[in-house]
Each structure stands twice: as C-alpha cells, then as structure tokens.
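J.: Residues per chain are reported as follows:
2 protein chains.
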Amino acid sequence: MSTPGFSGSRRLLEACLGLPVDRPPAWMMRQAGRYLPEYREVRSRASFFDLCRTPDLAIEVSLQPFRRFAPDGVIFFSDILVPVQAMGARVEFGEGGPELPEPVRCASDVARLRRFDPSREVAYTGEILRGLRREVGDRAAVIGFAGAPWTLASYLIEGGGSKSFAAIKQMMGRDRTTLSRLLDLLADVVADVLSFQIESGAQAVQIFDTWAGELTEEDYREWALPAASRAIAAIRQASPNRDPLARGEGAEGVPMILFVNVCGHLLEAMAESAADVLSIDWRLPLSQARRRVPGRALQGNLDPGALLGDPEDVRRRVRAMLAETGGRAHILNLGHGVLPQTPIECVEAFFEAARSGVGEAAAAEAPV
Amino acid sequence: MSTPGFSGSRRLLEACLGLPVDRPPAWMMRQAGRYLPEYREVRSRASFFDLCRTPDLAIEVSLQPFRRFAPDGVIFFSDILVPVQAMGARVEFGEGGPELPEPVRCASDVARLRRFDPSREVAYTGEILRGLRREVGDRAAVIGFAGAPWTLASYLIEGGGSKSFAAIKQMMGRDRTTLSRLLDLLADVVADVLSFQIESGAQAVQIFDTWAGELTEEDYREWALPAASRAIAAIRQASPNRDPLARGEGAEGVPMILFVNVCGHLLEAMAESAADVLSIDWRLPLSQARRRVPGRALQGNLDPGALLGDPEDVRRRVRAMLAETGGRAHILNLGHGVLPQTPIECVEAFFEAARSGVGEAAAAEAPV
Chain A
0 MSTPGFSGSR
10 RLLEACLGLP
20 VDRPPAWMMR
30 QAGRYLPEYR
40 EVRSRASFFD
50 LCRTPDLAIE
60 VSLQPFRRFA
70 PDGVIFFSDI
80 LVPVQAMGAR
90 VEFGEGGPEL
100 PEPVRCASDV
110 ARLRRFDPSR
120 EVAYTGEILR
130 GLRREVGDRA
140 AVIGFAGAPW
150 TLASYLIEGG
160 GSKSFAAIKQ
170 MMGRDRTTLS
180 RLLDLLADVV
190 ADVLSFQIES
200 GAQAVQIFDT
210 WAGELTEEDY
220 REWALPAASR
230 AIAAIRQASP
240 NRDPLARGEG
250 AEGVPMILFV
260 NVCGHLLEAM
270 AESAADVLSI
280 DWRLPLSQAR
290 RRVPGRALQG
300 NLDPGALLGD
310 PEDVRRRVRA
320 MLAETGGRAH
330 ILNLGHGVLP
340 QTPIECVEAF
350 FEAARSGVGE
360 AAAAEAPV
Chain B
0 MSTPGFSGSR
10 RLLEACLGLP
20 VDRPPAWMMR
30 QAGRYLPEYR
40 EVRSRASFFD
50 LCRTPDLAIE
60 VSLQPFRRFA
70 PDGVIFFSDI
80 LVPVQAMGAR
90 VEFGEGGPEL
100 PEPVRCASDV
110 ARLRRFDPSR
120 EVAYTGEILR
130 GLRREVGDRA
140 AVIGFAGAPW
150 TLASYLIEGG
160 GSKSFAAIKQ
170 MMGRDRTTLS
180 RLLDLLADVV
190 ADVLSFQIES
200 GAQAVQIFDT
210 WAGELTEEDY
220 REWALPAASR
230 AIAAIRQASP
240 NRDPLARGEG
250 AEGVPMILFV
260 NVCGHLLEAM
270 AESAADVLSI
280 DWRLPLSQAR
290 RRVPGRALQG
300 NLDPGALLGD
310 PEDVRRRVRA
320 MLAETGGRAH
330 ILNLGHGVLP
340 QTPIECVEAF
350 FEAARSGVGE
360 AAAAEAPV
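Taken in order, these protein sequences are the chains called A and B.
According to numbering that gives the first Met the number 0, the first sequence is numbered sequentially starting from 0.
According to numbering that gives the first Met the number 0, the second sequence is numbered sequentially starting from 0.
Errors might be hidden in some of the hints.
[To be verified] Here chain A is said to cover these stretches of chain B; the calculated rule only asks that three of the stretch's residues, wherever they fall, bring their Cβ under 8 Å from a Cβ of chain A: (1) 121-129; (2) 260-269; (3) 274-283; (4) 292-299.
Treat the hints as calculated values from the structure; they're not laboratory data.
No residue lacks a Cβ here, since even glycine has one placed at the ideal position from N, Cα and C.
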C-alpha cells in the first residue's frame, strides 16, 4: 500500500505534523533492548553506561531493530539519566533499575547541580545521531529524546524509581522554592540537550514525562506542564518556522512528541504545550483522545503487555487502533516501552499489521 | 455541624447507599499503619503476619487511628494476601513488600491452590471483627475487606508486586484457560472470606482491585470485572434485601465498596458491578466521576502524597473535594493508602476538615 513518494522518514515527520501520509508510520519505544538476542550479545560485553557512551556500540544497538523490523523511526540508544549524570549527580545502573545514592532533598543539593554544554559533556550523543543519519538515510527518521523536567526531578529527588513518589510530593508540599528551582534548571538542561541533538541530526524529538501521570491535573498544570513547556519553548525559539516543506537541519520544523504514562486525566493540559504529537498510554482509547484534542497528532498506544501474548491478537489490536484514528495524524507505537520478555514474533506482527495500513472504509469514517 | 441522630456508623453506612447524612463520613485506607508511632511500637514486638493473626494485637492497631482521629469507619487490620496464604501459597513479607517464592505459572500450579473454610482457616479474622464491633459500638462502622480476584491473581502470578505485570499479561495472552480457572477460584475465595467477615460483624466491605487499572477497558471487562462481579453476586445472593432500614447483621444490606487505583478509564465498567460505592484514585476528579456515574456513591479521593505537605493545603483540598460532591453520596477518603512518611498533623487536618463538612451553598449546587 506504500506510495513510492513516502520514505519512512517523510512518513513519520509529516504524520507528526498531521499531514496526510500513505500509511501511519510505526516505531516502538525502547525498540532497542533486552528482548533482542543481538542486543543482549552486545550488552554482555559492555556496561549499560558504556553502551550509552560508545558511539559504535550505541549506533549498533539502535540499528538492530531497524534491520529486523524496518520501523519508520529509529530512536538513538541512550538513557534519560545521561544528562542528569552530566549535571553532576551520581547515577548507578543496578539490576533493579537506576539508583541515585545522593538524592536531592534541599536547596544546597540543587545548587550542586550544574547546567552544562552538551557539545562538550555528552559530545558522544551527537556522534551517535550523526552516525545514525548516515546509516539510515531517509529510510527512517532519527529520533532524539530526553526525560521531561518533572520526571528527571522525580529520579533526582526519590533517588531512583518510586512507587509512591513520596519524596517529590513532600517537596512539592513543603519546599516549593527548591522544587521550582530544580525544575527550572532541568528545563534549561532538557532544552540544551535536545537542541544539541537536533543540531546533531535528530529529525524529531520525544520528551518522556513518564511519571507526570502520578499528579492530579491541578498539580500537573502547576508543576510538570510549565517545566516541559519551558523546555519546548526554548527549543522552538531557535526557529519558529514549522512549515514542513521548509524543514531544514536545525531546530526549524523538528516535530516534538510529548509522552506521559497514565495520561488520560491530563490530555487537554498536555495539548496546551507546543508539542506537535501527544504520545498516550494504553488506558486512554485513541478514539477518545482524538475527540478530546481534535486535530492534534497522536502517538501510541498498544499495551506493551499485549505483545507478550499471541501474534494474531497483536495484529487484531493494531487493526483496531488504526480503525480508531483512520491512520490519520497517528504514529503507531506502544503505550510505554517494549518489555524484556517480549517474543520477537509479536514485535514482527505489530510492524506487519502497521505496514498493511488501514482499510479505505475505516479511513473514510475516522475523524481527525 | 453533626446532627445528634447520626452515629459514625450510621453516617458511613447510609452514605454508602446514597442516603442523606449530616456530613460526609470519613476514613482512610491504611489508616492503621507505619505513620503512627503507636503502630510502630506494636509492630516492633511482632512480625507482620503475627500482627494479622493475633486478635488482641490486630484489634489494638485497628483502634489506634480511631482513638486519635475518630474516623467514621474502622477497617480491621489484615492483609489482602492472608486468604492467598490460606489457599496454600507461600507468602513472605519482606522489606520490599510481599514475596511469593513459588509463583503460579501453569494449570498444575492453580490445581495446588484450594478453596478453604474461613471459619476454620482464618477464624482469627472473625474474632478481630467481633472484637472491633464490641469496642467501637456505633461510633464507627467496622469495615471488612479483601483483594479482588484480578489483584490477588497478579500477586500469585507475578510472585509479588510488579511494575509491568508481564507474567499475568503473558498468561492473559497465552493461557486463557488457566487464568480463567484461577480467577474463578479466587472469586469463590473472596466471596467466602467476605461472607465470613460479614457474619463476624463487618458492616461494610471493600474489595481492593488495586492493580486492575493496568488493564485497558476491554481487558478489564473481559477479566477483572467479571471476576469481581462474581464475588459480589455470591455475597449478595445470601440476602437480596438491601433496604438499609431493614439492615441486619448478615449479608443483608451490607454495603460493598469497589476500589481500583488508576480507574479513570474504567469507571463506567466498574459501575456495571453491583458495588454500592466506587472508590476512586486522585487522578479522576470527583466532579467528573459524579457526572459519569450519576447517583452512584463515590469514595475518595485525596492524593496520599498531598498528606506529606502542609496541613493548611490538606484542608483546602478536602474542602475542594466536598465542593465537588456537595458531600452527598460521598465518603471522604484518600485515593490510595496512607504513606508511611505521612506527618500526623496532616491526617488530623484531613479529619478536621471532613468534620466541618460542606457549606450550604456548595451542598445546594452540587449534582448527585
């Protein structure tokens, strides 16, 4: 069903801007990862952080899912805590997820963190992105990313992952000045990092506000949203021209995707950001999201857990998602990252169903 | 503002059935717990499971928050995994939450689990409830509880808590028969356990389907909801008479509360159960829940994280909740359990604001 005029890169970038494409583009969050034997092979020879910091290895693992599944987007291999480490925080990657043994708890802890020049401190991320552009050409869009300020602040304050987010919520209630200062600093860092990624070749960028869904809408609007918006605005400021036909290599026209897990209660608030695409989790039906933020491009939203089942069920769920959006202004993706236990045949089924696109009838019926 | 005619017990039970009361009743999930120094004192002398199994100790810790805050409900101290242990599963309570070292992964694992007679195997839960009724009189309603089948199945299959619920979702996709059999068995166990609690004096019961919010609405309707409904129906069957004026000591008229964390996408489906009260998390605004399931009693929904902040902010948030419901058909509670880090003055502020009730204007305006 593909029109010869649509490269994977054009398909993804134009869908981000809501333009008509031959079929909805598809990629997967955390598509380079432990479910792939070739990833585990590379990872057995290098620590997680060495993988992030060594361009040859990071390029190799970023390309592994591209070679297997030909997604329309290739996200560069890294971790949202790479910039946090460059700010001066200690980060250790253990078996149970990242640990920050010196969590941020007061103003002086924030004062010890610093804004940094990505072209000096994380130059390797630029090298990885340039390498990926060379390798991938126009067959897929190269995607940069960063954690959103709220989510990075959660890791810094909690000292790692959390179930209850007690430490950051305590700071939210008891030391508003320190939390504001930290979020402002992180917004600047996120903007610096993503601007550098864009200069280095990222054709779209995704901001992961993974943990913002823990907040009520009121608290999201007060804390997480303004910090994410501040980062987005700083990136946009470089060039307000978003005409995709005039899209160049700079920040100009580079689509931005905002992801929040558990975002059903936050969608209208997320839409007040200048993000081109809202990436939603599996709990919120795409059809409902389309009604609530009409005209906004959506990304998502298959339950990563559904990829643990039967390939035929995966195909059915992908077709159902396409019927909900008619494939218009929609980037097929998961509602969160691929799980390590995922069988490869289910990932194949996802991309196969994505490539067969949406039927004419469904496309004609679905609202944009 | 209290009318002399309303005891705490009557206030809570009638609010569950949507009847007018003098002010909204209030209690807190996990109100007996680590944030109380007197709890930590008792806990220092007994293991967690000994606390659950020793009526004197369990009664003592259940009453601790009642003495301090005079809530309208006293939930008996226990754990949702007590019945799972009585089914024959090994459960260990470690520092990082419960662990089930022999997770259920196949049909023969399910076959090893058994339905049991609560009056023989967990007789102590009956003794605790009878003791609490004696101690509390009509000053508060004594509340029983159990985990819902889906949530108990999650623990059994994952072998403890989980971030991704990969094992149960894999079984959902690959071994539907085994999962159905486990959920049926658990529904019977939950019904047996709650019926026994009701016979032993529980005046209302809450079913915790804490992890069902991980499912899409489609999957919730296929798996978690029918299992919870089966348990509810089995309890109701004993006596269909729900006239609160005729409420007796048996299952007759005992209100049932269904709690799901992250339930915004599931509310209409939850309302298809026969639960009298839907207990919602903090992400879903009470006003929206009221519009979506009009006439249904609601419980909740302060963010437990908000109790880590400032007492004045807690009072403001409680007043805002009351304004949303007008205090009608509303049981004030949290959106999940009290966090161990919670300062006591914030819990006091919650109950204080609850007792001052809702202003006349707000009550007149709010829809039911």
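J.: Take the hints in turn and mark each one as holding or not.
T.: Against the structure, the hints come out as follows:
no., hint, in the structure
1, 121-129, "violated (count 0)"
2, 260-269, "holds (count 3)"
3, 274-283, "holds (count 3)"
4, 292-299, "violated (count 0)"
Taken one by one, the earlier hints fail for this structure at numbers 1 and 4, listed in ascending order.
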